[in-house]
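S.K.: Chain by chain, the residues:
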Amino acid sequence: MNDSQWARYEVFEQERAGAPHRNAGSVHASDAEMALGNARDVFVRRPNCFSLWVVPEAAVFAKTAQEVARDDWYAAPAADAPRETYLVFSKKGQPARETFVEYVGEVQAATPAHALRVALETFPPQDVFVWWVAPERRVLKSEQADAASMFAPARAKKYRMHTFYPVEPIMRELKSAQGMLDNSEKTTDND
Amino acid sequence: MTETEQLQAFEARIARGEKIEPGDWMPDAYRQQLIRMISQHAHSEIIGMLPEGVWLQRAPTLRRKLVLLAKVQDEGGHGQYLYHAAETLGVTRAEMIDALLAGRAKYSSVFNYPTLTWADIGMIGWLVDGAAIQNQTMLAHCSYGPYARAMVRICAEETFHKKQGMEQIIRYTRGTPRQKQMAQDALNRWWWPSLMMFGPHDATSPNSAQLIRWGIKTKTNDELRQDFVNKMVSDFHAVGLTIPDPDLYYDASSGNWISGEINWDEFWRVVKGDGPCNAERLQARREAQENGAWVREALAAYAAARGEG
Ligand SMILES: [Fe+2]
Ligand SMILES: [Fe+2]
Ligand SMILES: [Fe+2]
Chain A
1 MNDSQWARYE VFEQERAGAP HRNAGSVHAS DAEMALGNAR DVFVRRPNCF
51 SLWVVPEAAV FAKTAQEVAR DDWYAAPAAD APRETYLVFS KKGQPARETF
101 VEYVGEVQAA TPAHALRVAL ETFPPQDVFV WWVAPERRVL KSEQADAASM
151 FAPARAKKYR MHTFYPVEPI MRELKSAQGM LDNSEKTTDN D
Chain B
1001 MTETEQLQAF EARIARGEKI EPGDWMPDAY RQQLIRMISQ HAHSEIIGML
1051 PEGVWLQRAP TLRRKLVLLA KVQDEGGHGQ YLYHAAETLG VTRAEMIDAL
1101 LAGRAKYSSV FNYPTLTWAD IGMIGWLVDG AAIQNQTMLA HCSYGPYARA
1151 MVRICAEETF HKKQGMEQII RYTRGTPRQK QMAQDALNRW WWPSLMMFGP
1201 HDATSPNSAQ LIRWGIKTKT NDELRQDFVN KMVSDFHAVG LTIPDPDLYY
1251 DASSGNWISG EINWDEFWRV VKGDGPCNAE RLQARREAQE NGAWVREALA
1301 AYAAARGEG
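If you read the protein sequences in the order shown, they are chains A and B.
Using my numbering, the first residue of the first sequence is number 1, and each one after it goes up by one.
Using my numbering, the first residue of the second sequence is number 1001, and each one after it goes up by one.
Chain A with its partners taken away, still in its complex shape:
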């Protein structure tokens, strides 16, 4: 029954121009183009997407801070090994605060482990809990020319947003008319 699974692609979404691409989850697809289409269907049902990237999970070199500290993952590349561009992602912040794996920049490196080593020297490693690096040539990016068909339709679908349904004020009104409001409900406004 493995016929429906294919390779996994990690999906990164950018909420607006200039914001970092952030890992949203993954999709299965038979090729990168289908992965981009699936990513759009699975992750862009709301009007907050400007651009999407997909990268095969097999091309992502991922290490948690715990694994980085073990130091068993690095072997120096040959001095003349060709360099290429790697994209670097990290999850940082306070340990107890929920944050996402986000794009931080790029480095030139010969191997994934080398890219991570360069990333550790290039980007401040404090408060980073997860590092991902992936060669840029394996990343498929949505094109701005396709934005109208990929992302614009979701913007018109206001009924997908909970703010479209002003039920909280109705409930407050009903409760106050019946003397049912307790103090917490009198002062909070959920909408």
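The set of hints was computed from the structure by calculation and includes no laboratory data.
There could be a bad hint or two in this list.
Listed below are several chain A residues computed to face chain B (Cβ distance under 8 Å; list not exhaustive) [as the list claims (entries may be wrong)]: (1) R8; (2) G25; (3) S30; (4) D31; (5) R70; (6) E98; (7) V118; (8) Q126; (9) V128; (10) K158; (11) I170; (12) M180.
Every residue, glycine too, gets a C-beta built ideally from N, C-alpha and C.
Given chain A's structure and the hints, the job is docking chain B with the ligands onto it.
M.R.: Quick look at chain B with the ligands alone, frame taken from chain A:
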């Protein structure tokens, strides 16, 4: 580090409120509990599309149809987010789906009840998605990073599901006597199955203590159910509906609405496969899998021809 030292270090991280990420050391039981919970949750989202999906062609207006379509699509998306979160623990989506189709996997028993009228669609949004929000808001603080992050996404969307349901039921309660009766009937049918969504009592819930110690859950089944009952009783009273529980009473000393006993025989019967729609739900999923085979074959052939397969 020895296994014991690793476990101590792990539990210290949990105690500090740190998120555990794929690749970090974790006890095997933590991994297994998460795979069990997340895959059951994923299956519930996918099976949960079915009772509402049958009403898509019978929605009373175009607006209602668009809203229901959006909600059912969301549930399919939630299933995908959750399969992804489980995959980060080393299980494959194929294994999880095989288990579901073979009838080995569990999913929320509430989806084994039929949707008899359009009012059920509003009531499911208010009650069933409301119960899901109660549970999922807690899980958004789960110690396992990928599960917590999937929950953050899901909770935002579930709020839409609940509110569109509330909107429909509020309208029915202000409508004709027949519409009001439809809303009441729907509440009568969905009240108890939604209370069952929180699972067995704490005393008979063997996993509870460990799930809480490892920060997977922060509240017990009974605590979550009590929070839900308190919120729902006051909301339904406000719109003039009656909770179908003759034993329900307000306990002034605790400030809680105390409900009568759930029919646990029914609960276990439905969980074990003998609910009103269990067979129908699995059959629908098996047919979907079979009917989609040619699409998967075509895509695989296309990828192979392009040398990407
Ligand atoms: Fe959902
Ligand atoms: Fe859910
Ligand atoms: Fe939902």
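S.K.: State for each hint whether it applies.
M.R.: Status of the hints after comparison with the structure:
1. R8: holds, 7 Å
2. G25: A:G25 check passes; min Cβ-Cβ to chain B is 4 Å, inside 8 Å.
3. S30: holds, 4 Å
4. D31: Nearest chain B Cβ about 4 Å off; hint holds.
5. R70: Violated - the Cβ of A:R70 stays beyond 8 Å from chain B, reaching only about 10 Å at its closest.
6. E98: For A:E98, the interface hint holds, since the closest Cβ of chain B sits about 6 Å away, which is under 8 Å.
7. V118: This hint is violated: A:V118 lies away from chain B, its Cβ roughly 20 Å from the closest one there, beyond 8 Å.
8. Q126: violated, 15 Å
9. V128: violated, 11 Å
10. K158: Check failed: Cβ of A:K158 comes no nearer than 11 Å to chain B, outside 8 Å.
11. I170: Holds, about 6 Å.
12. M180: Check passed: Cβ of A:M180 comes within 6 Å of chain B, closer than 8 Å.
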